[in-house]
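Asks: The hints should help you fit chain B onto chain A, whose structure is shown.
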Amino acid sequence: MENFIYMDHAATTPVDPDVLKTMEPWFIENFGNPSTLYSQGIMAAQAVEEARGKVAGTLGAEPEEIYFTSGGTESNNWAVKGIAESQAKKGGHIICSTIEHHAVLEPVKYLEKKGHEITWLSVDENGLVDPEDVRKAVRPDTVLLSVMYANNEVGTVQPIAEIGRIAKEAEVLFHTDAVQAVGKLPLDVRELGVDLLSLSGHKFYGPKGVGALYMRKQVKATPLLHGGAQERRRRAGTSNVPGIVGLGRALELATERMERDALREQELRDVLWEGIQARVPDVHLNGHPSIRLPGALNFRVEGIEGEAMILCLDMNRVGVSSGSACTTGSLEASHVLLAMGIPADEAHGSLRISLGRSTTKEHIDHFLEAFPPIAERLRDMSPIYNK
Amino acid sequence: MYSEQVMEHFQNPRNMGTIEDADGVGEVGNPTCGDLMRITIKVKDDILEDVKFQTLGCGAAVATSSMVTEMAKGKKIAEATDISNKIVAEALGGLPANKMHCSNLAADGLHKALEDYLSRRKSGSERLPT
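These protein sequence lines map, in sequence, to chains A and B.
Quick note on my numbering: the first sequence kicks off at 1 and runs consecutively.
Quick note on my numbering: the second sequence kicks off at 1 and runs consecutively.
The reader is advised that the hints may include incorrect statements.
A short list of chain B residues far from chain A (calculated; beta carbon distances all over 12 Å) [unchecked claim]: (1) Ile-77; (2) Glu-115; (3) Lys-122; (4) Gly-124.
Some but not every residue of chain A turned toward chain B, in silico, with C-beta under 8 Å [said to hold, decoys possible]: (5) Glu-307; (6) Leu-311; (7) Ala-325; (8) Ala-344; (9) Asp-345.
No lab work stands behind these hints: they were computed from the structure.
Just so we're clear, the structure is a prediction, and the values are computed from it rather than from any experiment.
Glycine is no exception: its CB is placed at the ideal position from the N, C-alpha and C atoms.
So that you can see chain A by itself, here it is in the shape it has in the complex (with noise of 0.2 Å):
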């Protein structure tokens, strides 16, 4: 999609050509079960384990801590319902934050049905959760505790560390939601003092369809998947050998570039947002002002609906997405601003930038020439927005 601005990193990010080279020779030429045990296998096996050397080294862990998956969605299911089940005799009661992720969110509702005492997080108007609020939760029965790292939406990064040194101290396993931080922003599992951490390759310029979990060596989440031997018994499946590979390049590509990227990343976000303040009245922008991922920029425009200025952007050739409820999918806004305090009418009017690699300044000067004409239309078409 040549002339096409996307500027929706956070959703997803090509594959890194690099990586696609890497990933190539495990498709057809060495594209044996590593399970097996004749060489071809052994080689696809040494692939596996050579990917998770570099996975356990970005995150400051041991290979034998680290667990591939099918992506950041089955990582946050097994350690959201294997915790609950390893640790069924502790207790069942479950912490976890208001701005959690859907595949967070799902399976602890899920659990809530089933009888778990949950207790929600919630977070201030910059979308941070209060590591006190996270002291006065705990209880005797307490077995899981989830934060994610840094959110999706807004892009808010979490007391993560501070958090961890409160649970180390309460004895309470700590998960953290890390899909939208690994390859980004530097992680240490030990400093950050967390049990279980997910991560998925799709947002780091690796493939869909493949992911980790950390999982601190005494700690035992029962299995989702039970069959095989794979992954040490803990994750059944045939190993998706091409995916980890390619995972494990991406990571490292990502670790290798991730100040550069990040620098760059941030100064171009901050003359975008700097230009639509400039050019357009009554927008205010949603998330920490200064705690947030580098390429992140969610704000709301007052008056005016998430999608309508989607498809009008799309039509100038750049991709975005919002928090509406037209693209939510329910009928709700985002449940992340409504968390952090955003009435819902003005929730459905804020737009999710998120920038990435192929992110250059004439996409940020084409977003804002763009921009103000499509705001104006949409406001002047309005019923309620009458400046």
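Replies: For chain B alone, coordinates are given in the frame of chain A:
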């Protein structure tokens, strides 16, 4: 996701605006739900001389507002009353299932404007000159 007709109406909406001294006003929807439509009408000799819309909402909301005003303009009151959400959606080549409620809004907005006109006329006719 959207048909060509929907996109056409979204890009080139008909009758966008507000009739200042309207004979009837119909407002439907709710910004809390992410959509609000205001339809204003001008009636002469029982015919909808002019119909305009202002809409806050998604592509389907804008397109259905535009389409309903296009269909209603120039019609007799009785004919306009027959314009249903189904007819609006069909005229647009259909809407995705989760967007059908937008077409409801447009037809409802028109009907509310018509009701408003009729109730004003009714109370107006009671004040006969002496």
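Asks: Does each hint fit the structure? Answer for all of them.
Replies: How the hints compare with the structure:
1. Ile-77: Holds, since 23 Å exceeds 12 Å.
2. Glu-115: holds, 18 Å
3. Lys-122: holds, 26 Å
4. Gly-124: About 26 Å separates Gly-124 of chain B from the closest Cβ of chain A, which puts it past 12 Å; holds.
5. Glu-307: holds, 4 Å
6. Leu-311: It holds, given that the least Cβ distance between Leu-311 of chain A and chain B is near 5 Å, below 8 Å.
7. Ala-325: holds, 4 Å
8. Ala-344: holds, 4 Å
9. Asp-345: Holds, about 4 Å.
Hint compliance for this structure: no hint is broken.
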